[in-house]
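K.L.:
First to last, the sequence lines map onto chains Y and B. Note that the first sequence covers residues 1 to 684 in our numbering. Note that the second sequence covers residues 1 to 684 in our numbering.
Derived from the structure by calculation, the hints contain no laboratory data. Think of the CB as a built atom: it goes at the ideal place given N, C-alpha and C, for glycine as much as any other residue. One or more of the hints may lead you astray.
As the list claims (entries may be wrong) - In silico DSS-like links for lysine-lysine, alpha-carbon gap of 30 angstroms or less:
1) K199/B / K653/Y
2) K653/Y / K316/B
3) K211/Y / K211/B
4) K316/Y / K211/B
5) K374/B / K316/Y
6) K293/B / K521/Y
7) K322/B / K647/Y
8) K398/Y / K23/B
Claimed, not checked - Covered stretches of chain B, as calculated for chain Y (at least 3 residues, CB under 8 angstroms):
9) 258-264
10) 443-454
Residues per chain, in single letters:
2 protein chains.
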Amino acid sequence: MSMDSNFDPSSFGSNWDAKAFFKNDRGFVADKLSEDVKEKLTMLGAYARGSIIKMTTNAGSGHPGGSMSSLEMYLLLYSLAKLRPDEPRWEDRDRIIISHGHTSPGAYSALGYNGFFNVKDAEREFRLAGSPFEGHVERSVPGIEWDSGNLGQGLSAACGKAVAAKALGKSFHTFVIMGDGEQQKGQIAEARRFAAKTKLNSVTALIDYNKLQISGDISDVMPQQIAAGWRSDGWNVVEVDGHDLDALYAALKTSYAAQGTDAAPTVIIATTIMGKGYPAIENDHNYHGAALKPEQAREAFVALGLTADGYDDLDKLAETRKAGTSVTLPAFPTVEPKVKQGEPRTYPVDEKVDNRSAWGNALVDIGKVNNIDKADGLACVVYDCDLAVSVKTGGFAKEFPDNFIQYGIAEHSTCTSAGATSSEGVLTFWSDFGVFGVSETYNQSRLNDINHANLKIACTHCGLDVGEDGKTHQCIDYFALSRSVFGWRLFTPADPNQTDRIVRHISSTYGNALIVMGRSKMNPISAPDGSALFGTDYKFQAGRTDLIRDGRGVTVFCAGNVAAEGVAAYEALHAEGIDVRLISSAHWADFHEADLERIAEFGKIVTVEDHNVNTGIGVSLSSELFAMGLSAEIIKLGVREYGPSGKATDVYKLMGIDSGAIVSAVKTLLTQDSTPSKNAMASA
Amino acid sequence: MSMDSNFDPSSFGSNWDAKAFFKNDRGFVADKLSEDVKEKLTMLGAYARGSIIKMTTNAGSGHPGGSMSSLEMYLLLYSLAKLRPDEPRWEDRDRIIISHGHTSPGAYSALGYNGFFNVKDAEREFRLAGSPFEGHVERSVPGIEWDSGNLGQGLSAACGKAVAAKALGKSFHTFVIMGDGEQQKGQIAEARRFAAKTKLNSVTALIDYNKLQISGDISDVMPQQIAAGWRSDGWNVVEVDGHDLDALYAALKTSYAAQGTDAAPTVIIATTIMGKGYPAIENDHNYHGAALKPEQAREAFVALGLTADGYDDLDKLAETRKAGTSVTLPAFPTVEPKVKQGEPRTYPVDEKVDNRSAWGNALVDIGKVNNIDKADGLACVVYDCDLAVSVKTGGFAKEFPDNFIQYGIAEHSTCTSAGATSSEGVLTFWSDFGVFGVSETYNQSRLNDINHANLKIACTHCGLDVGEDGKTHQCIDYFALSRSVFGWRLFTPADPNQTDRIVRHISSTYGNALIVMGRSKMNPISAPDGSALFGTDYKFQAGRTDLIRDGRGVTVFCAGNVAAEGVAAYEALHAEGIDVRLISSAHWADFHEADLERIAEFGKIVTVEDHNVNTGIGVSLSSELFAMGLSAEIIKLGVREYGPSGKATDVYKLMGIDSGAIVSAVKTLLTQDSTPSKNAMASA
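Could you put the whole structure together from the sequences, leaning on the hints where they help?
P.N.:
So, in C-alpha cells, the structure goes:
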C-alpha cells in the first residue's frame, strides 16, 4: 500500500494501491459494484471514519457527525467518479461540490485514502492556522472544487459548473452533496428550478438525510417535505439508504448514465445516521459540531475495528501538531479565458446615449469578435434575471441565444451559478439592477471571490439615477460593498465611451469585476476641443483617475453617474469666470500617489458621488490623503438619506448632488479662509 | 359621494359614501358578497382602473399591467378587511402587505376610492420627486404597511406581522399579495415553511397569477409548479379566478375565518389577466412596466365605460403636475416598546467570559425584568436560525420558550420577518453568526431600515475571531455594511461588561442596531486600579469613545474583538517603559470632536480592527480627522486578505492584528520622524 506509510496494510494486502485499484472502475463503468470493490470501500470506510475522528479530536473541534453520515457518498464519489488523483485539476474530471462544507473531515478522509494527498497530513493539521486543511472545505485541498460553508449555495455552484461544461463542449458530470437541514435555505429552490428548466442532468444532487441539525431533529427545528419539494420543482427523486454501497452506487450510476438524455436531473436522498460507525454517538445531534475526547476516540477506533498496532497515534499527532503546519499542496490554478477586446466604439458627443446601451453594444462586439457562437470560438455566457430589456442585454440575447441564460427572478442562485461558471474558463457576465447585483447578492459575491471566480457583474439603474423606482431600488452602497470583498474591482464609467472601454478591459482581465451604471441618457463627455474625451485616442488605465477639465483653486472629484453633473457644474462656473479642476474616477481603488497630489494641490476639494456619503469615495479619498500627510478643506456631496421616487434630475437636485450643489460647494470653499480649522501637526 | 369631488357620482347615487357603505361589511362578516356590495365594487373597479392609467400615463412610467390584474384583490381587501380609512394606523387593523410593490397604482387606487386619501392626488403626483406616491408602495401612503419593491420579501414580512400579533395578544389578520414571477425567489419558500410550521393561519397569501413577467410568459422565463410548491411546504392552496369577486370573497372569507383554528395557512392563487379592463393591452407583457400613451389612455377610458363628462382630465393632471408636489400625508408613526433595562451585571476581571455569554445573560435579564412571559409584560421575541447554542440564546429559549422563535437555516426570511415583528412595537432580537446576520442578509436589513424597523441583531463569531471555521465564516465587513444603511447603528463592545451595558442600551432605544461580538473568552478589561473598567460606575455613552489607558506619544485606537489585544499591547509596552494612549470605540459612528482631538493629539495613531482594513474604522477615522484639518502619521492594522482557519490567537498573529503587531506599529511610529511625508497646506 503505497499511499500512506501509517496505513494498516493487513486488511488490504500488501500490494494494494488505491489509485491503481479504482482506476478502471472510474466513471461508474460497472453495472454494479463488484464484491472486491465493495469490500475495499467498506474497509476504507472504517479507516476513513478513524481519520475523521483523528482530525477532529486532534483539532479539538470540527464536525464529526455529518462527516460520518456522508462518508459512503464521499467514498463512492472520490473512488469512482472520473477523477485522476495524480492530476487533481485535470480539465475533463467530474466536479464534486460539497455544499455542507463543515463535513470537510469526511471529504478529506475519502480524498486522502484515494491518494490525492497523505491523509496523515490532514489528521495532523486539520484546522491548524496556515494549513490547507481548513475547517470548511477549501480549494487549497486537491479534489475540492469549491470553498463552501455558508449553506445553500452548493447546488447553485454545481449548476454553474454544468453550464460551463455545456459552454465548453465538455461532458464532465457535476455532483453536489448537501445536508438535510440545509434544505431550509431558499436559494436551493431557485437552483433546482433552473436545473429542471434547462434539463441539467449533468448534475446529480445528493442529500445526506441524517435527520439532525445543530438544534436537534430537523422535523422539530423546521419541518420539511424534502422529496415533495424537489419533485414539485421537476426533479427525479431517488431515496436510498445512504450507507448501502450497492443502493447508492445504483442510484449514482443511473443518474450518471442519464446525462445528455431528455431526463430530469436526479436528486438522491440518502437516509443516513449521524455519527455512523461509533454507536455511542450515532443519531446524537450534539456531535454535529463537537469533537470526541481522546478517550472516546479510542473507544471509537475499537468500535470501528481499527485495532492494528500503532493505529491510535493521537498523542503523536498532538505532538507533531505543535510544530505548526508544514504541508504545502499545489494551488488551484485559475483558468483564464483568452479574450479579444475588439475595436472600441466611440459615441459622438452630440448624441445622448445611456451607459447601459454602451455596455450592451460592447457585449455584442465581444461576442462577435471572439466567435462565441462558433465551435472554435470563446466560451462565453450572459446570465439574466428577467431584466434583459432594461439592462440592455437583449441585443446579445438576440444575437447569441444559446449563450444567453435566463434564470428568472432568482438572484441569489444566479450569482453563485454565474460565479461557478466563470471559474471554469468561461467568460461570464451577469447583468442586473444595482440593488440585486450588488446589495441582494453581496454574500454570494463574497463567496465567489473567495473561490477566485472571474465574474463580470454589470449593474444598471444604480444610485439615485434609478429615478422613479425609488428608495427600495436605490443602490447607493456599491463602493462600500465591493471594496469589502478583496478581489472585487469596481468600475464607474463616466460616460458611454468610457463604459465601452471598461467593458473591453474587464472582459480581458482575470478577476471579479463590477461595473456600475445609471439609467439616464447623457451626452458623452467632450474634451476642451469638443472631441470625445474618452474617444479614439483614449485608453483605459486601471487605478488612475481622469482629468476632465483643468483649472485652479478647487478640485471637483466625482465618479460614475455624477461625472455629467461635474461637467455641467464646471461649465456653469466657467461662465462665471471660475475654472475648477474636474477629475473623475472610473476605477475605485487605492489611488496613485501622483493622482492624489493632483487632487489635493489647491487644498480645496469637493467630492461628489451617487452613493452613501458615509461609506463612499469621499471618505476613501480623505483617508488616502490623510495617510499621505496631505491636508485640504473638503466638502463631501453624496447621498445622506433614502431618496425619493422621481425623475433622476429632480431627485439629484432634491438630494444635493446635482450640478447646482457642486457650484454652491465650490463657491463656499472659494469664499472660505483656506486654513482648515485645526491642525494637530503643531502639537506633535 | 364625499370622497372625491372629481368622481362621477351618477353611477353610485349622489349620497354614496365609500367609508360608510363598506363599514358594516368590514372583517368579511357577510357569508357572501351582497349584490349591492358587488355592484359597487364592480363600478369602483372601472374607476380604479381609470386611475391606474391616469397615474402611470401622467407619470410617463410605472406598472399598469399588474396593477390592473391585482385590482380585484386590492378592492376586496381595502374595502372589506378590518380597516378604518379615517384612522389608517388603528392598532387593531388588519395588515395588508404588498410584496410586488410595483403594482402601487393598483393599491393607491383602491385605497383612494376607499377614502384613505384623495385619489386625485395620486393621479397627479404619482412618481413625482418628493411626493408620497412613490413608484413602489411606501409607508408614506396611508394604508400601506410595508415599503417593498425588491421581490420575494412580502410573505416574510407578513409572517413577522403575524408573529407580532401573537406576541401582542392581538387578533388582526395579515394579508400579503405577491406576483407570480416573484414566486421564483427562494426566500418565499423559507417563509412558507415557517408559516406552516407555526400554523400561522392569521396570514392569508394571495398570488396574482397573470402568467406574465417582464421578459414574457412565466413558463418560458422560469417554469414553476406554483400550487405544488406551496402544497409541498404544507399550505392549503385555493385556486380561483382573480377577477371573480364572489370566488375571491369566498376564498378570503374562508381563510379569514380559519384564523386561530388548527388549519394550515391558505394561499389563494388568483388567475388573472395582465392589463385587465383594456382589451388592447390584456395579456401583453410589454405593459408590465410601460405606461400607456395619452391616446391609448383615452381609448382605455372608453373601454372601461368611463365616459362621464370631465373624466378625461389628463391634460389638467399634466399641467398641475408641473407645479410640483403639494400633498402631505400623515407620517407612519413608529411604535416604541417601553423597555426597562434592568440591573447591569458586572463580570469580575479575573474570570474569563465571552461577550456572547454576556449577551445571552443580559437577554435573559431583559426578559425577566420586563415580564415578557406575563400577560401584562412587554411583548418580546428572539429569532434563531439553528444556532442558539453557539450564539448563547439557549438560556432565553429555556426561560421563555414561547418567546423564542426557531426559524431554521433560513436567514433571508428570518431577517425580514424579524424586522416586520420589530416594527409593531415588539422588542425583537435576532442572533446569528456575523456572516449570516450581516453579510448574507444585508439587503433584507436595508429594506428593514427603509421600513423604520426596530430590530436588534446580535452577531457572534465575527471577524477573525470566528477561529477554525475559516474564511467563508469571517465576517469582516460589519462596519462597511451597517454604515451603508442610514439607520443601522453598529456596536462593538470591548468586553463582557460593555456588552452587557450595550444590550440594555439598544433594547431601550428605538431603531435598528447591530452588536458585533467574537467567539473567544477574555478577561474583562480592568481600569488602572484593577477594578472592572466597564464596571458598576460605567454608563454607556452613545457616540463617544472609551479611554482605556492614557499615555503619550502614540494613540492606539481599537474596537470590539481587538480591544483585548490593545490592552495586551499596552501592557507589553508599559513593561518596556512606553505608555501609549489606548482608546476603543464601542459605537462606530461620526465621532465627537473632542474624541477626535484626543485621538490625534500626538500626531501618531495606530488603528486596529478585526475588519477589512479598506472599509473599516481606520479609514473612517482618517476621513473624519482629515475633515477637521487634523494631521497624523497613521498605521492601520486590519484584515488585508481572507484569513486562514485556526485558533483565533494564531489567526490574529498570522494576519497581523495581534498585540505583537500593535507593539511593532507603535515602535515604528516612535522611531520615525514625526512629520508626515507631504503636506499640501503649504501650496494652498
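K.L.:
Against each hint, give a clear statement of whether it holds in the structure.
P.N.:
Going down the list of hints, with the structure as the test:
no. : hint            : verdict
1   : K199/B / K653/Y : violated (49 angstroms)
2   : K653/Y / K316/B : holds (25 angstroms)
3   : K211/Y / K211/B : violated (37 angstroms)
4   : K316/Y / K211/B : violated (65 angstroms)
5   : K374/B / K316/Y : violated (57 angstroms)
6   : K293/B / K521/Y : holds (21 angstroms)
7   : K322/B / K647/Y : holds (12 angstroms)
8   : K398/Y / K23/B  : violated (54 angstroms)
9   : 258-264         : violated (count 0)
10  : 443-454         : holds (count 4)
Of the hints listed earlier, those the structure fails to meet are numbers 1, 3, 4, 5, 8, 9, in rising order.
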